[in-house]
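Visitor: Each chain, letter by letter, is given below.
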Amino acid sequence: MQTVISSSPDQTKQIAAKFAATLSGGEVVLLEGDMGSGKTTFAQGLVEALSRGEGARSPTFTLVNIYPVSQDRIKQVVHADLYRLKSDQELAPLALEEWLGRKDTVVLVEWPEIGTSVFLDCSPIRVHLDATSEQERLLTISSYA
Amino acid sequence: MRLLGIESSCDETALALVVKEGERFEMEKSVLSSQAAMHARYGGVVPEVAAREHAEQVFPLLVELGVPCDGSGIDVVAVTAGPGLIPALRIGVELGKSLAWAWGKPLVAVNHLEGHIYSVWISAPAVLREAKGPLKSFDVRSEGRIPLFPSLCLIVSGGHTELVLMRGHGQYELLGRTRDDAAGEAFDKVAKLLGLGYPGGPEIARLAQEGDAEAIALPRPMLESGDLDFSFSGLKTAVKREQAEREQRADLAAGFQQAVVDVLVSKTMKAVEQYHPRSVILTGGVSANRLLRETLAHALNARDARITFHAPDLSLTGDNAVMIAAAGAMRFEAGQICDPLTLSADANWALVR
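Protein chains in written order, with this note's numbering: chain Z, -19 to 125; chain B, 250 to 602.
To be clear, the hints were calculated from the coordinates, so they are not data collected in a lab.
A couple of the hints might just be wrong.
Subject to a maximum C-alpha distance of 16 Å in a straight line, what follows is the list of computed EDC-like cross-link-like pairs (lysine to aspartate or glutamate) [to be verified]: (1) B:K489 to Z:D110; (2) B:K441 to B:E491; (3) B:K519 to B:D476; (4) B:K354 to B:D319; (5) B:K489 to Z:D14; (6) B:K489 to Z:E114; (7) B:K519 to B:D553; (8) B:K441 to B:E452; (9) B:K441 to Z:D14.
Since the model is a prediction, treat every value here as computed from it, not as a measurement.
Could you build all of it, start to finish, from the sequences and the hints given here?
Guide: See below:
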């Protein structure tokens, strides 16, 4: 388990970029934290680091955004947001299972709680964001054991 | 030209018959089975529920619309092919393909955002406007006039916040967009924070009437960013922070609404200065917001009264199939016809590639 403190959205993005550099494809990253804790900011930092340019936007409406990545190993980041889902039965139409565990894909899930049972099979990495003050965020990165 | 429009990209199943006359469109009939009531129970759009409802509603709606089963009298089938929720989109796309193939009629794929833009070319039947009562006086659409090119379009909805320059029919240039949350999404999430219902826009606007927009200082994100992009994620966080310390929900609603409107109008006016459009189009679900319409109309009028301002009839601000048929007519005239055997829905179809 690793904890790190961010004192600004920019720093959260930098932490996410560093984290992105440790990924090699096939990972499932669960982004946990309250509304406004910086989940989308972290996702933006991660996607920008991998895709070298294109920024991530909130997938709350579209539920799943797919960003192409031109790396040797990682070819896309699948950015999902389960905020609106009310049961794991509603996961099926998102067709996330087509991406989970694929070696050329990083799956990033905001508000993952509803689908935890599905993601547990993929040995997910858990990134928990906690707003400790107005600007400060405590990030905890751990495996989901 | 008479078109059948089909829209099912999110929480609305909609079909419409539209006749194109000259440069304008007349809505012949529009049916939509709003699922807002159902989604209100869940606090948001639920894709699985949405898709199932679309499938169940398509055929009763076709019957209600009065479409003859051989398709006689219909010249073109226009369907939303993206962007949106893929399970919901597929229902409409497959319906459009089936009908066009069986009838031997041309099929046109329409971008949902393009549909919203074309909603200001539509004349809604007088009866619909009269039905709105007190809101009638507030129809700021340039009555009887169509937008002039170049047109600057501000598209604001639950999934989108984009400034698009339109130099001609079907010619779009992306000037700016949200970097995180869409404006309508911010309304929905702040409504949830304040314990209000879904969709959040009307609920916040209602509560805001009782509040003082200047009572609580909220940020105006990206106002000085130097570009035409937006960001609403931080505003949502600011409301949450203020809410922890205060109990004046109405003041928070009013302050939040004012902040969103200030940012949207300010960026639009910056784009007006840079691109000198002859018309400005405000469209999408959030364009129903009265404060936004009035503030933008006044800002434009103060800057240059020659710029015409267009917003859809209030019956057409939300998702509907009339606008899809209108945009479809333009695509058909540009020769952009699809193969009904191979068209597929594209959840991430960007208006500007």
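Visitor: Indicate, hint by hint, whether the structure satisfies it.
Guide: Hints, verified against the model:
no., hint, verdict
1, B:K489 to Z:D110, "holds, 14 Å"
2, B:K441 to B:E491, "holds, 15 Å"
3, B:K519 to B:D476, "holds, 9 Å"
4, B:K354 to B:D319, "holds, 10 Å"
5, B:K489 to Z:D14, "holds, 10 Å"
6, B:K489 to Z:E114, "holds, 10 Å"
7, B:K519 to B:D553, "holds, 13 Å"
8, B:K441 to B:E452, "holds, 10 Å"
9, B:K441 to Z:D14, "holds, 13 Å"
Hint check: no violations occur; every hint is consistent with the structure.
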